[in-house]
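Colleague: Sequence:
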Amino acid sequence: MAATFLIPVPAFSLAAKQWDTASVLTTSPTSDGQGISCSSVSALSSVSRKKRNTSLVVSATGETLTGVVFQPFEEVKKEVFGVPNSPQVSLARQYFVDECESAINEQINVEYTASYVYHAMFAYFDRDNIALKGLAKFFKESSEEEREHAEKLMKYQNIRGGKVVLHSILTPPSEFEHVEKGDALYAMELALSLEKLTNEKLLRLQKVADENNDPQMADFVESEFLTEQVESIKKIAEYVTQLRMVGKGHGVWHFDQMLLN
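Mapping the sequence shown onto UniProt numbering, position 222 (from 1) lands on 222, and the numbers just tick up by one.
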């Protein structure tokens with residue numbers, strides 16, 4: 001007697017609507033034992049239907065669904081997803097703790113302080129009795145860049161539903177002449193220290209985000225600030241090295257001309 005094989009349906013089974021019944025599909029091997037003969041299929045003719053022109057339904061069987069189950073109308077009932085009614089409370093705020101909000105406001109102050117110092121340097125080197133236009137240009141652009149960073153943080157604060165609170169800014173020095181180093185080197189070394197300090201504050205800001213389980217804020221700090229900050233440190237470090245080599249003499253003027261280009 002020829003052996004009978006069942007054709008498996010691994011993930012889905014077919015069942016007819018309207019109480020249809022379907023017999024098991026059976027096949028027999030060919031005489032030469034190679035493959036399955038189409039002529040041996042005998043099950044389809046035994047399908048009986050109580051109603052004609054009914055459709056088949058595919059249902060998942062033998063497999064358990066895993067992953068995210070989304071039940072929006074039940075889940076939005078949770079208090080954490082509620083929409084506040086008070087006009088003083090942000091509607092967009094979610095998983096944004098007070099410590100992160102305060103840390104962003106402190107970083108805004110750091111950026112504005114650096115911008116203020118760089119602006120003072122711009123004003124100094126732009127004087128007619130100093131007349132180092134390249135350094136004036138460099139520090140003016142640096143001041144604008146730090147202000148842009150502050151505004152970017154302010155915008156992010158608003159996106160997360162926080163409130164921007166501006167702190168007082170210390171008055172920067174107006175004179176940068178140094179007896180031993182000269183004004184150009186002294187100002188550039190101060191700029192390098194400011195960039196390193198700003199980088200330290202940014203790393204602290206990212207740490208606050210990590211400690212409060214805020215991956216979105218941590219990613220914002222890393223993607224928008226950290227790479228640019230270390231690049232600025234590298235660039236200004238090279239300027240300090242070059243100014244140390246040229247000293248206080250005529251070489252400062254050539255360095256200044258390089259910054260104009």
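Calculated directly from the structure, the hints in this document are not laboratory data. Watch out, some of these pointers could steer you wrong.
[What the hints assert, rightly or not] Computed list of lysine-lysine pairs in DSS-like fashion (alpha-carbon distance at most 30 angstroms, straight line):
#1 152 x 196
#2 152 x 181
#3 152 x 137
Colleague: Evaluate each hint against the coordinates.
Modeller: Status of each hint after checking the structure:
Restraint check: the Cα-Cα separation between residue 152 and residue 196 comes to about 20 angstroms, which is no more than 30 angstroms; the hinted pair holds. For a cut-off of 30 angstroms, the pair hint linking residue 152 to residue 181 is broken: about 35 angstroms separates their Cα positions. A C-alpha spacing of about 23 angstroms is found between residue 152 and residue 137, which places the hinted pair at or below 30 angstroms, so the restraint holds.
In this structure, the one hint that does not hold is number 2.
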